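Using the sequences and the hints given, assemble the complete structure.
Protein sequence lines correspond, in order, to chains B and S. Numbering-wise, the working numbering puts 158 at position 158 of the first sequence, and it's gapless, one number per residue. Numbering-wise, the working numbering puts 100 at position 100 of the second sequence, and it's gapless, one number per residue.
If you're looking for bench data, these hints aren't it; they were derived computationally from the structure. All clues given are correct.
Note that identical chains are pooled: a pair holds if it fits in a single copy or bridges any two copies.
Distance condition first, Cα-Cα at most 30 angstroms in a straight line; then the derived DSSO-like pairs of lysine-lysine: (1) K34 / K195; (2) K7 / K194; (3) K138 / K181; (4) K195 / K82; (5) K82 / K138; (6) K195 / K7; (7) K138 / K101; (8) K194 / K34.
Since this is a predicted model, take the numbers as computed values, not measurements.
Protein chains: 2
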Amino acid sequence: MKDKSAKTNFQIHELLTRRWSPRAFDAQKIEKEKLQRIFEAARWSPSASNEQPWHFIIGEKGDETFARIFETLVEFNQLWVKTAPLAGIIVGRENLLSNGKINFWYKYDVGQAAAHMSFQATHEGLFVHQMGGFDREKARELFHIPEGFEAISAFTIGYIGDYNVLHPNLQRLELEERTRKSTDEFVFSDNFGKKSELI
Amino acid sequence: MKDKSAKTNFQIHELLTRRWSPRAFDAQKIEKEKLQRIFEAARWSPSASNEQPWHFIIGEKGDETFARIFETLVEFNQLWVKTAPLAGIIVGRENLLSNGKINFWYKYDVGQAAAHMSFQATHEGLFVHQMGGFDREKARELFHIPEGFEAISAFTIGYIGDYNVLHPNLQRLELEERTRKSTDEFVFSDNFGKKSELI
Numbered sequence: 001m002k003d004k005s006a007k008t009n010f011q012i013h014e015l016l017t018r019r020w021s022p023r024a025f026d027a028q029k030i031e032k033e034k035l036q037r038i039f040e041a042a043r044w045s046p047s048a049s050n051e052q053p054w055h056f057i058i059g060e061k062g063d064e065t066f067a068r069i070f071e072t073l074v075e076f077n078q079l080w081v082k083t084a085p086l087a088g089i090i091v092g093r094e095n096l097l098s099n100g101k102i103n104f105w106y107k108y109d110v111g112q113a114a115a116h117m118s119f120q121a122t123h124e125g126l127f128v129h130q131m132g133g134f135d136r137e138k139a140r141e142l143f144h145i146p147e148g149f150e151a152i153s154a155f156t157i158g159y160i161g162d163y164n165v166l167h168p169n170l171q172r173l174e175l176e177e178r179t180r181k182s183t184d185e186f187v188f189s190d191n192f193g194k195k196s197e198l199i
Numbered sequence: 001m002k003d004k005s006a007k008t009n010f011q012i013h014e015l016l017t018r019r020w021s022p023r024a025f026d027a028q029k030i031e032k033e034k035l036q037r038i039f040e041a042a043r044w045s046p047s048a049s050n051e052q053p054w055h056f057i058i059g060e061k062g063d064e065t066f067a068r069i070f071e072t073l074v075e076f077n078q079l080w081v082k083t084a085p086l087a088g089i090i091v092g093r094e095n096l097l098s099n100g101k102i103n104f105w106y107k108y109d110v111g112q113a114a115a116h117m118s119f120q121a122t123h124e125g126l127f128v129h130q131m132g133g134f135d136r137e138k139a140r141e142l143f144h145i146p147e148g149f150e151a152i153s154a155f156t157i158g159y160i161g162d163y164n165v166l167h168p169n170l171q172r173l174e175l176e177e178r179t180r181k182s183t184d185e186f187v188f189s190d191n192f193g194k195k196s197e198l199i
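Printed below as a string of structure tokens:
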């Protein structure tokens, strides 16, 4: 297995360095206790007015939910999601429970819950791969997601697998260097775009 | 200091249990090395097509950036943000760099970066308090945030302080029990709304 740990400029928590989004998963099922802790982690995420707008639909390989999630995926994702033992769709509630108005932060807060899920999964020795490449309206239809809720992302969780099982084009992605803008390019002071001297 | 650790149903990583959003901060400045690691953590967050739509504007108490961030806050937040040694505004890029179209996931991915920032801050012994209660258009004006970018949330980071310094109404909030829906209410299988048997 290639080491895909982040090549950081400053040393960060080992779970954040270790996290990445593989496509080759091992067939091994995820223990129920681990899934309980993973979604407990999402549960304690912060949210605007504590609205907790996150919902997860999850299925194990071989069950009806997994098959339906698979059906919503773009072909490229189907190529590799078939190796994963668990797939999910993350759904956000668009409106505030308090007054029914649109919640400006619902996607933002759902993203935070997804990060909490990933953090705990990494702690459990697992990997998460989030995907935008799925049909949100098909997900609404197949899972009867009501109006006012929206399917935002799909994901897989599993133990990492041997990348040699993947299609050659996907193997290449699995080995590719991970890249990010430097912090200078997104941490500012004084004005938007001006590099901060605080870091 | 009251223990506000999450009362979890399943044991999760200690950094997630310990994280909460205080209003009473200590005056102590945050070490530059810690800030470097905190934003390095945000840097390695995942994003759709690796677009990395997150930006942070940060100011230290006493500087011009902090004063301007403070000016954007609703009065309720001004009541306590004055105790914090560092304040920030998180800005998202709305459009895809690849083709200029709207990025459906930009707030979602900015939320993930905010969560990564919070994990690392917690690891450094610090606390983050995110806020929606600020004037996004005033932030745009004061920091010259261009069209196509949007101020999403404000935040403070600092060491925790003595809640007795706060206004009595805020002291009450600082002591309040933390609550969340149970995982049964947001982890589904088969159909949206149907409790999953996998957890």
